[in-house]
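Peer 1: Single-letter residue listing:
There are 2 protein chains.
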Amino acid sequence: MLKLLQGLEPDRPPGEDGGSGTGVGDETNEFGQLVSVAHGPRLGIGMDSCVIPLRHGGLSLVQTTDFFYPLVEDPYMMGRIACANVLSDLYAMGITECDNMLMLLSVSQKMNEKERDQVIPLMMKGFRDAAEEAGTSVTGGQTVVNPWIIIGGVASVVCQPNDFIMPDSAVPGDVLVLTKPLGTQVAVNAHQWLDIPEKWNKIKLVISREEVEQAYQEAMLNMATLNRTAAALMHKFNAHAATDITGFGIIGHARNLAQQQKNDVAFVIHNLPIISKMAAISKAGGNLFGLLHGTSSETSGGLLICLPREQAARFCAEMKSSRVGLSGAVGQDGGAGDGQQAWIIGIVEKGNRCARIIDKPRIIEVPYRGSVVSAQEGSNNNASPPEVQLT
Amino acid sequence: MLKLLQGLEPDRPPGEDGGSGTGVGDETNEFGQLVSVAHGPRLGIGMDSCVIPLRHGGLSLVQTTDFFYPLVEDPYMMGRIACANVLSDLYAMGITECDNMLMLLSVSQKMNEKERDQVIPLMMKGFRDAAEEAGTSVTGGQTVVNPWIIIGGVASVVCQPNDFIMPDSAVPGDVLVLTKPLGTQVAVNAHQWLDIPEKWNKIKLVISREEVEQAYQEAMLNMATLNRTAAALMHKFNAHAATDITGFGIIGHARNLAQQQKNDVAFVIHNLPIISKMAAISKAGGNLFGLLHGTSSETSGGLLICLPREQAARFCAEMKSSRVGLSGAVGQDGGAGDGQQAWIIGIVEKGNRCARIIDKPRIIEVPYRGSVVSAQEGSNNNASPPEVQLT
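Chains as they are written, first to last, in the working numbering: chain G, 6 to 396; chain E, 6 to 396.
Possibly wrong hints are sitting among the right ones.
The list treats identical chains as one, so a pair stands whether inside a single copy or across any two.
Stated by the list, open to error - 25 Å max Cα-Cα, derived SDA-like pairs, lysine to any residue: (1) 115 - 148; (2) 325 - 206; (3) 241 - 60; (4) 130 - 325; (5) 325 - 344; (6) 204 - 285; (7) 288 - 133; (8) 241 - 315; (9) 241 - 61; (10) 207 - 58; (11) 115 - 150; (12) 209 - 241; (13) 130 - 58; (14) 325 - 315.
In case anyone wonders, no lab produced these hints; they're calculated from the structure.
Using the sequences and the accompanying hints, generate a full structural model.
Peer 2: See below:
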């Protein structure tokens, strides 16, 4: 018989390209079906959160877990990102509240005591601050020692039936909205390549060092942004289904969502909003990470939401006018007072529960907020009005 | 600023002595207080589970998480142990039901594909089977790749106020009951030492190879046994407080429990039920792991329960007559039909919320069930009636 303890051996660190941590995990798809039971809807493994009917008055327990390895250098921001990433699975179901979070942490045995004492509290603070911004708190968790740092958590909420939106009701004629730009994996890796000449040489013709730094900051801000506003607006604008974009890239998650639909639909993506210059980097590397094919991993990405066509523009407008941002994070206000950009990126057609990106999707270059911090008004003028391509 | 990514480096495996995984983690004690709030009792980090008052009709969310590294060679049993260990935190609060479990898993990058395909499904099956035995199921989870295998989970339940027993109401005159024998860490390590001559030479005068194998099997069965029966009997016999014995050893968890008490009490432990011969090994190694001082880590240990003195003997009798066991596990019935032994091990006195073991505690040698499988009747005759020492 094969023995377990052989796993307890040292090995190499994750490759830089796999270092985002988002590609290796995510919920398993093993039993990914929607199953209706007598007590109410039950959502198994395969979508973002599980939904467990309870014995108490029509209530359901909705919960999710996610953990991964650090992908940004700043421990505080890493904590925020990990928390936003866990909560995002609830937000994808239109849930805006969370009753409790658990924090899952492993401390690297490679760090000395001083390093641990500085890094781990910052990471925990980032996680807790994001939880607080989400109106919840962290009560419970577990810490172990491991070769690699792990950060993650569990988010749980007990819901009334109207609190959540089952991700299965898209109809032909709906449009697809995305609430954060793509390209986080490219930005994070490009930032690491600043120190690796042979990598940097491949992309330096299409981007400057300063732009890489700005793109990295932009990616970090996006990953740390909660999808909570989007979750609230899903109710207001009658969303039919949603998921969040993480390790499988936008096309992977679009396909997964399409497979969950009750109706015979297909998702067709026309536009790819991407952090500025990340498409150019991907092209320079020969479609690096598959960004232009929608397969590049995202971490704590936006929500992909199926909305009635007539509601989508107003959804995007309210996202933009809502007050979001990272209060107090990384020494800047992260655009607090500014809203969050959302884009109509595709349509729902009749079809056999699949998803695709059209041959030559329009790339929407999403500018760095850091670069326009002194000119917040009109800062997103470079991005065309989202509905132009589709209506 | 210290950077996170430096943690992503290879390192050595855990030392064999620390390999049980129970000593490195456990819930942090950072905010370990009982806090009463308007909506109901709230139990924070520091005890076995957290209790979160909900917005819905007096209900509470009770949940816990635990994950660690494999400490037995059998993947199936490791899965069962991990599940029993997670659930034990609920059982320690007298909770007998669990609404959902999430599974947390990391696959070792050191294993080849064939090894993964054999080992991981067995581990998952063990976890799922134990969950099923507990009347719950696993819906959700996360898997990552890591240098070391990790197995663990999250257990959540939504409770009425009467479903759980806050662990804070011990009174002088109560007795302490323990529902599994101590010594799992010694048994697991002794089993590893069979292949390490310099270690084996130190203990071979006090134990045979066969006895080590039997002790290891006994430890494995105990770790995989659910504390669910004990949780149910806590209600029947009016338990005042309880905790489960894991990484901090019996004295560590007794102290932790003592600190949570509302009344001025102290816990005094007179008896140490220990898997047969493990005390001898510990002595031979110079109080190895601190077993005789109560500091040896346990994994998925028993419940330590404060019971009214007049109820304790009946509690133990009903534990013994209850039907428990690992149906179908490891090719033997694990004593199914047999009950589970429990021992009165100490008393609750007036005191300042501390716990201690008396100078020369009585060591109760708990025989291996494997060795008496053909004579189940009276198999525990070697253990004196538990109440003798205390009444």
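Peer 1: I'd like to know which numbered hints this structure contradicts. Please list them from smallest to largest.
Peer 2: Hint check: 2, 4, 7, 10, 12 fail, others pass.
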